[in-house]
Every structure is written in C-alpha cells, then in structure tokens.
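Novice: Protein sequence lines correspond, in order, to chains U and B.
Count the first sequence with the working numbering and you get residues 1 to 183, in order.
Count the second sequence with the working numbering and you get residues 1 to 183, in order.
These aren't lab readings, by the way, just hints derived from the structure by calculation.
Here a beta-carbon is modelled for each residue, glycine too, at the ideal position from N, C-alpha and C.
Keep in mind that the hints are not guaranteed to be accurate.
Stated by the list, open to error - Label-pair restraints from in silico Cβ distances:
#1 B:Ala30 <-> U:Pro60: 35 to 45 angstroms
#2 B:Leu122 <-> U:Cys7: 27 to 37 angstroms
#3 U:Phe71 <-> B:Ala30: 18 to 28 angstroms
#4 U:Gly75 <-> B:Ala17: 17 to 27 angstroms
#5 B:Ser109 <-> U:Met1: 37 to 47 angstroms
#6 B:Leu122 <-> U:Trp143: 25 to 35 angstroms
#7 U:Lys14 <-> B:Leu13: 22 to 32 angstroms
#8 B:Ala20 <-> U:Gln98: 49 to 59 angstroms
#9 U:Asp121 <-> B:Ala57: 23 to 33 angstroms
#10 B:Thr156 <-> U:Phe71: 42 to 52 angstroms
#11 U:Ala9 <-> B:Asp49: 51 to 61 angstroms
#12 B:Trp143 <-> U:Trp143: 28 to 38 angstroms
#13 U:Trp143 <-> B:Ser125: 32 to 42 angstroms
#14 U:Phe71 <-> B:Glu88: 25 to 35 angstroms
Protein chains: 2
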Amino acid sequence: MNFCSQCGARVSLKVPAGDALPRFVCDACATIHYQNPKLIVGCIPEWEDRILLCRRAIEPRRGLWTLPAGFMENGETTMAGAARETLEEANARVNVMQLFAVYNIPHISQVYVLFRARLLDLDYSAGEESLEVRLFTEHEVPWDEIAFATVRNTLTHYFDDRRLGHFGMHVGTIETPSRATAR
Amino acid sequence: MNFCSQCGARVSLKVPAGDALPRFVCDACATIHYQNPKLIVGCIPEWEDRILLCRRAIEPRRGLWTLPAGFMENGETTMAGAARETLEEANARVNVMQLFAVYNIPHISQVYVLFRARLLDLDYSAGEESLEVRLFTEHEVPWDEIAFATVRNTLTHYFDDRRLGHFGMHVGTIETPSRATAR
Chain U
1 MNFCSQCGAR
11 VSLKVPAGDA
21 LPRFVCDACA
31 TIHYQNPKLI
41 VGCIPEWEDR
51 ILLCRRAIEP
61 RRGLWTLPAG
71 FMENGETTMA
81 GAARETLEEA
91 NARVNVMQLF
101 AVYNIPHISQ
111 VYVLFRARLL
121 DLDYSAGEES
131 LEVRLFTEHE
141 VPWDEIAFAT
151 VRNTLTHYFD
161 DRRLGHFGMH
171 VGTIETPSRA
181 TAR
Chain B
1 MNFCSQCGAR
11 VSLKVPAGDA
21 LPRFVCDACA
31 TIHYQNPKLI
41 VGCIPEWEDR
51 ILLCRRAIEP
61 RRGLWTLPAG
71 FMENGETTMA
81 GAARETLEEA
91 NARVNVMQLF
101 AVYNIPHISQ
111 VYVLFRARLL
121 DLDYSAGEES
131 LEVRLFTEHE
141 VPWDEIAFAT
151 VRNTLTHYFD
161 DRRLGHFGMH
171 VGTIETPSRA
181 TAR
C-alpha cells in the first residue's frame, strides 16, 4: 500500500495512538487503513458414499484436486458463500449442512471455513476455474494430487469421522506450506 | 474507495473479466481492489461457574456489556486473536479451548468466531476499551444491558449447553440489528 484510497495522498506505516501495531496511515487525511485476514469458504459436497472434487484450472496448484472453495464476499453468510463457490467451480447445487472444519493459515492470513453439504442432483460440470469435476469414493481420492494441506486434512478427518459414524468439528492450523497440524 | 492504493490513480467500479461482481479497479494500473468480510475473534472466559464480561468504554454501545472480542489481525490464528483480545480488553490471560460459535452478520460483512476459554488467574482488570470487567454467574448476567445480538445469543447457548452437560458448536446468522436467528 502506497496511497490513501480515500484521498489519494501518500500513506506511512506508523502505530496509531492507542494501537499496538503499525498501520498504513494517510499523511493528509489521517485515515487508518487496516489490513485483516481473509475468509475462504467452501463445501464437502456429498452424494451417497462419494464426495465431489474439482481439478484446478488456475494457479496456484493448477491440475491438482481441491474442494470447491473461495474468498467469501461482502454481504453474504459463510453458508451462502460456500454454496456460491460450489456453484461457480462445479456448477453444482448443494444444501449446506454442517460446519465441519476451521483452518487457520497465519502465514498467509487466511481462515478456511468448510461445511458438509448434500449435492441436490448429479447435474454438475467444470466451472471456469476447474478442468474437471468428479465424484470420488474414499479409495478413489487422488491423495497424491491434492492441491492444499487444508483440503488433505479436511478429507482425512471427513473419512475418519464417517467410519466412526459421527461428524465432529475440526479446528486446526497450517503452520507452513510443508508442515500441517490439525486437531 | 476513490483512489488506487498501489499507484494513486482514480479507481472505477466495474465487473472485471471473468468475475461476477463489481470491484474497484484502477484506471491506470488495472489493480483490482477486492473488499472482503472481516473476522471478529473472541472468548467466553470461564472461572468455575462464572464467565467474564467487559463493559464497553467505546462506541458503539458504550456502557453495555460484551464478551472480549475484536478484529482478527494478519499473521495470527483465530485462537491467538481471541486470547489477544481478552488480554487487551480485560487484562486477562486465558487458555483458549473449544470453538463454540460462528455468527454471520452479512449486513455489515462480519463473521464472529467465539471460543470457550479458561481464565488462568483472577488478576484481570479493565483494558483501555473497557470501563469495567466482572465475573458473572448465569443469574447475575445483565441480560438487558448486553451490547450485541451475537453476544446475547452466545451467552444463551452457553448456559443452555452447560445445563445439558455438553457444549455444542453453534452456527447462526444475525439478519438485521433487530432480528436474530441462531441454530
């Protein structure tokens, strides 16, 4: 950030009065420009014993498989955002059911919020950001071609919970791109 | 938003190619400035059968009672943010335990993420944004002087769950300032 989005003057990085962290503050109008983590919302779309994955048509991790998920928009709920992303990436209509996982990724200031969802029909297809969309049983999941640690952890917990007959809530932190922990 | 924070030129509201929503786009350098919902993280700090509330020293709702909570910062986890806000607003040290509530407030593009937390000692006091900090049993809670619908809903679920002997996960949506629904 170099310029004030309100008045167009230069900004400086400084700690405002009463604050503890440096912020971009406008040299002219004194507006403080806070920068905050972003929410990624998405679904685990279920159809009988299978779940829907999307093969990414965009970077990062083009060609690898992921759950339908993306940046939450202003004015929507986490559930509405998860359904919208599933429609956009997989042309799939879902009934969003249960909050299943919340993952912190502090090194990129993101929080993933993922829901279990029921596919309403089999009329899905690849959206603009997907190369391919497919239903997978647990044993068909391409574990070596999963795009993100959040998705790998979520799927592992999902199938573990399903075997136990009870879906829990999973909160975890992805510490670095190469090391993932979850509880 | 009037000016590009990257180059200082004017921005226009337009739908970028491949997008579905209008965004602020720089007329000069074409940077797209996305605006996304903000996360509010906080705690229900517990001490035996009591919970800690803060009386707000700042607007909105100055003088009313709330749970310690505030905007999540870049680079931290939801749990770390919840503990930090509790330290800032109540000078209280907590062990963050269990994710308890996620509330959507779409009309102001906020998502509340609240955790159960255990107070580590009784050495708490009002932080800069609080007039007063106090422990309350269920029957002492000032129900008519609670600052926000999110806090009222969270406390109601909390005491209900405690009576049942099992703390669940609560996902809800605050539709308007005057009408609250939760499940």
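Novice: Against this structure, judge whether each hint is valid.
Specialist: Hints and how they fare:
1. Between Ala30 of chain B and Pro60 of chain U the beta carbon distance is about 21 angstroms. The supplied range of 35 to 45 angstroms is therefore violated.
2. Taken as a hint, the range 27 to 37 angstroms is violated for the pair Leu122 of chain B and Cys7 of chain U, whose Cβ atoms sit roughly 47 angstroms apart.
3. Between Phe71 of chain U and Ala30 of chain B the CB atoms are about 19 angstroms apart, so this pair conforms to the stated range of 18 to 28 angstroms.
4. In this structure the supplied range 17 to 27 angstroms holds for Gly75 of chain U paired with Ala17 of chain B, their Cβ-Cβ distance being about 22 angstroms.
5. Checked against the given bound of 37 to 47 angstroms, the beta carbons of Ser109 of chain B and Met1 of chain U, roughly 20 angstroms apart, lie outside it.
6. At about 49 angstroms, the CB distance of Leu122 of chain B to Trp143 of chain U disagrees with the hint of 25 to 35 angstroms.
7. Between Lys14 of chain U and Leu13 of chain B, the C-beta spacing of about 30 angstroms keeps the proposed range 22 to 32 angstroms intact.
8. With their beta carbons about 27 angstroms apart, Ala20 of chain B and Gln98 of chain U fall outside the hinted range of 49 to 59 angstroms.
9. Taken as a hint, the range 23 to 33 angstroms is violated for the pair Asp121 of chain U and Ala57 of chain B, whose Cβ atoms sit roughly 53 angstroms apart.
10. Thr156 of chain B and Phe71 of chain U have their C-beta atoms about 32 angstroms apart, which leaves the hinted 42 to 52 angstroms range violated.
11. Evaluation of the 51 to 61 angstroms hint for Ala9 of chain U and Asp49 of chain B yields a pass: the beta carbon distance comes to about 54 angstroms.
12. At about 50 angstroms, the CB distance of Trp143 of chain B to Trp143 of chain U disagrees with the hint of 28 to 38 angstroms.
13. Range check, Trp143 of chain U to Ser125 of chain B: Cβ separation about 51 angstroms, and the 32 to 42 angstroms hint is violated.
14. Distance hint check for Phe71 of chain U and Glu88 of chain B: the Cβ-Cβ separation is about 28 angstroms, which falls inside the suggested range of 25 to 35 angstroms.
Of the numbered hints stated above, those contradicted by the structure are hints 1, 2, 5, 6, 8, 9, 10, 12 and 13, listed in ascending order.
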